[in-house]
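Undergrad: Each protein sequence line maps, in turn, to chains V and X. Everything in the first sequence is counted per the numbering used here, starting at 107 for the first residue and increasing by one. Everything in the second sequence is counted per the numbering used here, starting at 107 for the first residue and increasing by one.
Be aware that a few hints might be false.
Pairs count within a copy or across copies, as identical chains cannot be separated in the list.
When the alpha-carbon atoms are kept at most 20 Å apart in a straight line, the in silico EDC-like pairs for lysine to aspartate or glutamate are as follows [said to hold, decoys possible]:
1. K467 to E167
2. K336 to E296
3. K376 to E277
4. K278 to D364
5. K506 to E446
6. K226 to E426
7. K138 to D364
8. K506 to E451
9. K441 to E505
10. K527 to E220
11. K278 to E216
12. K506 to D284
13. K467 to D155
14. K256 to E130
I should point out that these hints are in silico values taken from the structure, not numbers from a laboratory. Please read all numbers here as calculations on a predicted model, not as lab measurements.
2 protein chains.
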Amino acid sequence: MHNIPIAICGVGTVGSAVINLLNELAPTLASKYNLSLPIVQIGARRARDNWPFDLGQATIEQDIFKLAEDPSNQIVIELIGGVDDAYELTMRAFRANKTVITANKALIAERGNELFNEAKSRNLSYLYEASVAGGIPIVKVIQQGLAANKITRIAGIINGTCNYVLTEMAEKGNSYSDALKQAQKLGYAEADPTFDVGGIDAAHKLAILASLAFGCPLAYENIYTEGIDKLDVQDINAANELGFFIKHLAIAEIDKEDIFLRVHPTLVHKNEAIGSVNGVINGVMLDSNPLGRTFYSGAGAGGAATASAVVADLLDVALERSGSNSYGNQDSSHKFMSIEDVSSEFYLRVDVANQAGVLAKITEILSQLNISIEGITQKESHDENMLVPVFIITHQTKEKDINHAIEQIGKLPQVHNEITKLRIL
Amino acid sequence: MHNIPIAICGVGTVGSAVINLLNELAPTLASKYNLSLPIVQIGARRARDNWPFDLGQATIEQDIFKLAEDPSNQIVIELIGGVDDAYELTMRAFRANKTVITANKALIAERGNELFNEAKSRNLSYLYEASVAGGIPIVKVIQQGLAANKITRIAGIINGTCNYVLTEMAEKGNSYSDALKQAQKLGYAEADPTFDVGGIDAAHKLAILASLAFGCPLAYENIYTEGIDKLDVQDINAANELGFFIKHLAIAEIDKEDIFLRVHPTLVHKNEAIGSVNGVINGVMLDSNPLGRTFYSGAGAGGAATASAVVADLLDVALERSGSNSYGNQDSSHKFMSIEDVSSEFYLRVDVANQAGVLAKITEILSQLNISIEGITQKESHDENMLVPVFIITHQTKEKDINHAIEQIGKLPQVHNEITKLRIL
């Protein structure tokens, strides 16, 4: 029997799920792979009388840094979350020449470059399948399944909270704040939801995906990030009528050495697979050469999905199939581009006074800036004093050009309120 | 530089695509992985003056069996197709202690148990990602990404020809034979399409997926197989009105030790991700514990997609991340169940004479057999002499019970034509 003692650090939802899953799998691992993965230590900073799992032979270690360095375990599974302590813990484990497995996307996005360097210099494995898209094995898909491909674009629904809120708004016509309240009631959103609805969590994950797919350094700080908190349900409804769903997408694109990273609400054509990803489910679309488009969806969060990914990593290490990890190329010549340089089609909503000639003025401004229009529609109204929305779909345009147009359109005396701008996938 | 000389056997569409992809990737492999994978031999039984690829340092070997045994290559990539010669070639390569990579689903489905045993006894890798679902890395997903899960159900669109024909029928209202002609014209169907439209190719692939997912022997001969060649476009239209798409699915389910394998046209609810897989694209849905449902889609055939999978396997071997392959458990206690024992919801179309009382008689038969009905509708007609279709959707029923009911309903004097029975996912 091949025996690899492991330590698990962190006993929240994910830690408990990992321990329970490993306990459950033990007989299968023994019979199928002749493998034993005993949990010898569990790191938990607060003592408790009872635990939501069978402790087995594990001892509880309150000093998590000591656990990282303890030679009685060979693999450290870091599930404490947060950045600073997790960084310290991981570094100590590397210095003790251990493999580390993590689900911590914030840690990797914010300090992964340093951690990858350390692991690389010691020829250690650092696995993080669980950090992106929960149980969807997207990290392994990029590292192995699509290894012969050049990935050119990633578009992902990688934050379940945002997707749940948007699905509620689309399906029930609820306002953003009502949908958010519902998400909080069901435990899909935190009391302070900023991290999720503001797009920060999705940006963390996008940094990781882009680094894997493009072989570039982690570049969280280079990601243009917009949340869903400003979205008006009337735009979801209007998009629907125009043949689109609105999804909160994390998008990474590469053009030669130029990399474009962005997270924002996006109009997605209804026939795209990623448009049908609803509720808390995650979905990732990859465009690559020579394969073309592939698509992956599944549970993106929660104890079960995260444990599934953590234990998959553990088995890759134990069965010696994690190989030489690819940590991105720190010396890369890639250039991270600004959102101003991104080209998209755009959806605009302009609330105008119900007067003749305003459409002509708007189209004139767009035409002067060489922005070509795919469609423009104005809601009918018989009340001359009422504001009516004008909906515009443009062809491919640079972000800086559309911003220029919006500025000029905003100055028209007939235009009221802020102009809504959304990008189209 | 790590140098692994390889031989490629077979120079059709796939072989040529693999050679071209490897030539293209050579600089990246060198810089990213310090790896060189020179093609030293190419097996081609017929001599040619020019080849659709750069030969590089490769020599053409017309005796493919000699190539398999030649010590100047370490890995044999078998792309000749067919069963008997490919079996002989693979066995010879194993006996020469080589790793073999294949895209040959027929070979694995029909003789994989013997080949797996040989590879296992010699501790050799035998990789076959390209044999199922083309470029979708579904083999690696099952072996690695979902390794911590117990997979309970697979449902896949794994034959692009069938899916193209069904998409044509659904979208254009074309008959089966017109849609098939169109597929043939575009090169998506062979001149003799039996192998695809009869479901044999999908059954080959299902045997492979089930063996991977359930750890059971390959059991191609135990698969209940129905093609799409009997499908009437009126059933596609009726299903559409009832909220379903009709897809040709390969389904594997496990309940304790009982395994159910089947390939047939299937009604899929429109909100299922797999229902939206159109044209020649493949899609696979996996249900597993603890993860739940995940879904994968992408190009299922063609040189580019197949080469993507073959080279991914090659990189797994070269980068030492193929690990100990799991070849299924030959001593398994699994039992392969008959289609008669499968429970599904069913769609029935019964063409009846337009007379009062016939619905009552049908429902009475179903009720006496304890088959509960989810819905029954009869198309209206004012012509007493005309046949009208009755559409029935049942709740979960065993196949043998519905067959019994169909037999009895068929004996009613008002019932004409054969009764159409389709299963619902």
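Undergrad: When no copy is specified for K506 and E451, does a C-alpha distance of 20 Å or less occur within a copy, between copies, both, or neither?
TA: within (13 Å within a copy, 55 Å between copies)
Undergrad: Please sort K138 with D364 into within, between, both or neither, judging by C-alpha distance up to 20 Å.
TA: Answer is between: at 19 Å across copies they meet the 20 Å cutoff, but 46 Å inside does not.
Undergrad: Could you figure out if K467 and D155 sit no more than 20 Å apart (CA to CA) within one copy, between two copies, both or neither?
TA: neither (72 Å within a copy, 66 Å between copies)
Undergrad: Can you tell me if K226 and E426 fall within 20 Å by alpha carbon in one copy, between copies, both or neither?
TA: both (17 Å within a copy, 17 Å between copies)
Undergrad: Please work out whether the CA atoms of K256 and E130 approach to 20 Å or closer within one copy, between two copies, in both situations, or in neither?
TA: between (38 Å within a copy, 11 Å between copies)
Undergrad: Could you figure out if K278 and D364 sit no more than 20 Å apart (CA to CA) within one copy, between two copies, both or neither?
TA: Classified as neither: same-chain Cα gap 40 Å, cross-chain 42 Å, threshold 20 Å.
Undergrad: At most 20 Å between CA atoms: does that hold for K441 and E505 within a copy, between copies, both, or neither?
TA: Within one copy, since 18 Å is at most 20 Å while 60 Å is not.
Undergrad: Please sort K506 with D284 into within, between, both or neither, judging by C-alpha distance up to 20 Å.
TA: neither (34 Å within a copy, 50 Å between copies)
Undergrad: Within, between, both or neither: how does the pair K376, E277 come out at a Cα-Cα threshold of 20 Å?
TA: Both, since 14 Å and 16 Å are each at most 20 Å.
Undergrad: Within, between, both or neither: how does the pair K336, E296 come out at a Cα-Cα threshold of 20 Å?
TA: within (18 Å within a copy, 53 Å between copies)
Undergrad: At most 20 Å between alpha carbons: which applies to K278 and E216, within, between, both or neither?
TA: neither (37 Å within a copy, 51 Å between copies)
Undergrad: Evaluate K467 and E167 at a C-alpha cut-off of 20 Å and name the case that applies: within, between, both or neither.
TA: For K467 and E167, neither the intra-copy (70 Å) nor the inter-copy (72 Å) Cα distance is at most 20 Å.
In the structure shown, a violation is registered for the earlier hints numbered 1, 4, 10, 11, 12 and 13, in ascending order.
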